[in-house]
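Novice: Top to bottom, those sequences are chains E and B.
According to the working numbering, numbering within the first sequence proceeds without interruption in unit steps and concludes at 441.
According to the working numbering, numbering within the second sequence proceeds without interruption in unit steps and concludes at 447.
Incorrect hints may appear among the rest.
With a cut-off of at most 27 Å between alpha-carbon atoms, the simulated DSSO-like pairs for lysine-lysine come out as follows [unchecked claim]: (1) E:187 with B:426; (2) B:423 with E:195; (3) B:240 with E:141; (4) E:210 with B:354; (5) E:187 with B:240; (6) E:424 with E:388; (7) E:142 with B:354; (8) B:240 with B:219; (9) B:390 with E:187.
Rather than coming from a laboratory, the hints here were simulated on the basis of the structure.
Predicted, not measured: the structure shown is a model, and the values here were computed from it.
Each chain is listed here by its residues.
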Amino acid sequence: MATPILMPKQGNTVEECILIAWKKKPGDEVSEGDIIAEIETDKATFELESPASGELIGTFCEEGDLVPVLTNIGVIGKKGEDIEAFRPSEDTPAEEVSVSSAPSEPSAAAPAATTATASAPVTKAEAESVPQAKTVSPRAKKLAERYGISTDAISGTGPGGRVIEADIRAYRATAPRLSSLAKELVKDGYRMPQKGTGIGGMVLSGDLGKPGIPLSNMRSIIASRMMESLQEAAQFTLNASAPAAPLLAARKEIKAQKGKPGFVDVNLNDMLMYITTLGLAESPDVNAELIDNKIYQHDDVDIAFACDTPKGLLVPVIKEAQKLSLPELATRLKTYAQEAVNGNISPDLLSGGSFTVSNLGNLGIESFTPIINAPQVAILGVCAIGLKPVKTSEGVQFVDHIGLSLTIDHQAIDGAVGARFLKKLVERISTFKLSTEISHV
Amino acid sequence: MYDLIVIGAGPGGYEAAIHAGKMKKKVILFDKKYIGGTCLNVGCIPTKTLLKSAHVYHDCKESGLYGITTSAPKFNMAKVQARKKKVITTLTQGVEGMLKRSKVKVVKAAATIIDKGIVEAEGKTYKASNILIATGSAPAVPPIKGIDSKGILDSTSALGLTKIPTSLVIIGGGVIGLEFASLFSDLGTKVTIVEMLPNIAPGIDTDVTSHLKEGLEKKKVKFNLGCAVQEVKNKTVNFKDKNGTKRSVKGEYILNATGRRPVTEGLGLENIGVNTNRGNITTSDEGKTNIPGIWACGDVTGRCLLAHAATAEGLVAVNNMFGTPTTMRYEAIPSVIYTNPEVACVGKTEAQCKDEEIEYTVSALPMAVAGRFTVENEGKFGMVKVLVGKAYGQLLGVHMIGSHCSEILQGAVTMIECEMRVKDVKDIVFPHPTVSEALKEACIHAG
Ligand SMILES: Cc1cc2nc3c(=O)[nH]c(=O)nc-3n(C[C@H](O)[C@H](O)[C@H](O)COP(=O)(O)OP(=O)(O)OC[C@H]3O[C@@H](n4cnc5c(N)ncnc54)[C@H](O)[C@@H]3O)c2cc1C
């Protein structure tokens, strides 16, 4: 009768162990008590003795596998004996168990009492095929701390690239020695250098890189929103430019009125926001959001604008912007921007937009690929004013142009739709007249 | 064509030449005066030799403290000078032997750099891919009226005195001035120090220097601190004290110990455009000058005027020349003042910590916490002071005064060089009974 080799249960808290190495291979003769494998738990590395004498007729896991305790990992018996009866969790063959489900979700077929045996070992091949954050076995972590080694620099050879004790030992054999102080600093997150400048290459405190600065709450939010946007939308950017003379003329007129009663300072950005609002009011395709395969067109132009604040990007929304006159819009923009910078803007004003404008023109940007403020379907980037050669009856002339970069979500809008919207904006800019806009109020 | 030309055979130059020679490089070494440079001939070694004789003389006079009665000892200057010469000869011969064994060609002549990679000496030219400048320093002559007149001693001539002065005025309370003050006061000379700064031995921990001042005052050394010398005339030093009052002090001899200046005259730096700063050759931590292939080390760089620093810089330069990149570390360069009592320091001072905004704690203990100190030093004072980083407990600085502290300093150097924490020092076994145990105690005391 064949004897199964169990992954032993090492104390009450250990639920799984790593099979570091097989010391025997299938076909080898073994005697009871022979060392057949090396195993690592989060507390110790130990040797596994053969439970019986005979031949190692089969193994069920590979070196580096993370195996729940009390799982059969192999069989000792006579040549030719059937080993299949001992294979763990037959209903969920190892090949089909995914990394994420293995440790946490017991398979339905397994008897409830032996939760630990329910999930089959994760094979190395599978683990490698699933990209995931690096994990470090608790024991490896402890050892790394003792030696003052940062695990950042170590590539793990355990399942799923898990860093195991053996990796720490291997790394330490070749890694530079750290001074006592440097070790303390590494524990505090300072980073290991390429090499040390101390005696015999010893790593000194001055050789270490400063610890990473964790993202602020706000940055983390920006980071995840940006990544989500890029992952969930089919973004592409259209670039165009519009003659800027009408805007510049308007700006000059406004400046001239400075000091008059009821004067509102309207700058280029205000005009562009205003023109974009007018354009959006006529383009429901663009003034929309895409949520769960449904397009929600907004009746109002709830225009959002990217605002650079000391703490990072904020995007206030001006609701029903189509109802505002140019001076009203300009005033609203200034108020919201100031509140965003001061950090006292109401959170209600930071959501619910239907379209976003990001202006990097004052920083001299000539064109860029703005990232959509999801789930909106488009964003307009406003760029710097620069000279562009234009063919006229008197030959080629250099004319001021303002750059526009429109990113659209191709899931919701086709290129031609985006292009037509951009064309509309270009036309509105090139025919912009302050007198009409102001009297329009 | 040589791999390396070294100019100057002081501890910077000769050690570098030997190191390169051992690497099987073709090396030639020039010195216009002597093998061993300032250190062996007119610096470290001769001062320490004279100080040793003064020490023995002093101990003989104090032998009663240890239960020994002798007749009054006599200090025989001629014999002491003869021993000094013998020591210098023994040591320079030793250096010459090492140079020979490392196959370094030695030329006793002044060298001038005439172009990149080309040096001229005695009308002959020599070519090399690297030139290491190690021309050292010489006594500085400050702009004080009469200080360069005949009969004013500098450290070199003071080392050659054949009689014990009855009185000596030393201008400058730095390391060199203090060592001469200790030497001659032990021999019975009436010594007066005139120093411009408010403290002696600038750069050294001020607790240590105040104990040193007390120690020397016991030997009747007079200190005029914060006093600017105006003129030296008729064996009299005229100065203004810290209140602006004009005063003067007369001495049989006057010693100018105001500092050192880099030696670059006749070296031809201007021929290749080597950058200097107030005469000191500017170098990187790798020993490079601004001109590729031209390196410098030691006193001529003005970075750290100590023999062992010169050597370390020279070795770093050679390593970088021939493919083992290294950088000079100045964090754990030890310094010693060989006065009686002697001073030994390494690492940061409190002033430096404050300057660099490093939070630290201080632990200072009398050396008598180590039994051996009491055994060895009847009625004498000693102190160990350690500075420890607040956050991590690493040893930042060790500052000591007391007999034999120079010999235990190396332990502290290693600890600081390896960035040990006081916690780690506690795990080291120190021999008992030795004075070094005071260092361990100070570390334990620190937390
Ligand atoms: C009185 C005194 C006591 C000292 N005590 C100590 C001490 O106890 N401990 C300590 O660490 N330091 C001490 N020093 C300092 C120490 O002597 C110097 O730091 C050390 O000698 C510097 O070494 P160096 O190789 O840079 O130059 P140096 O030792 O000055 O050697 C330079 C050499 O270059 C030669 N040279 C110059 N120009 C040329 C040229 N153009 N061509 C050829 N050769 C040239 C010179 O002749 C000289 O031999 C003392 C110094 C003095 C003066």
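Novice: Indicate, hint by hint, whether the structure satisfies it.
Specialist: Against the structure, the hints:
1. E:187 with B:426: Within the cut-off at roughly 21 Å; holds.
2. B:423 with E:195: holds (26 Å)
3. B:240 with E:141: violated (67 Å)
4. E:210 with B:354: holds (22 Å)
5. E:187 with B:240: It is violated: about 56 Å lies between the C-alpha atoms, which goes past 27 Å.
6. E:424 with E:388: At roughly 20 Å apart (the allowed maximum being 27 Å), residue 388 of chain E and residue 424 of chain E satisfy the hint.
7. E:142 with B:354: violated (36 Å)
8. B:240 with B:219: It holds: about 25 Å lies between the C-alpha atoms, which stays within 27 Å.
9. B:390 with E:187: holds (17 Å)
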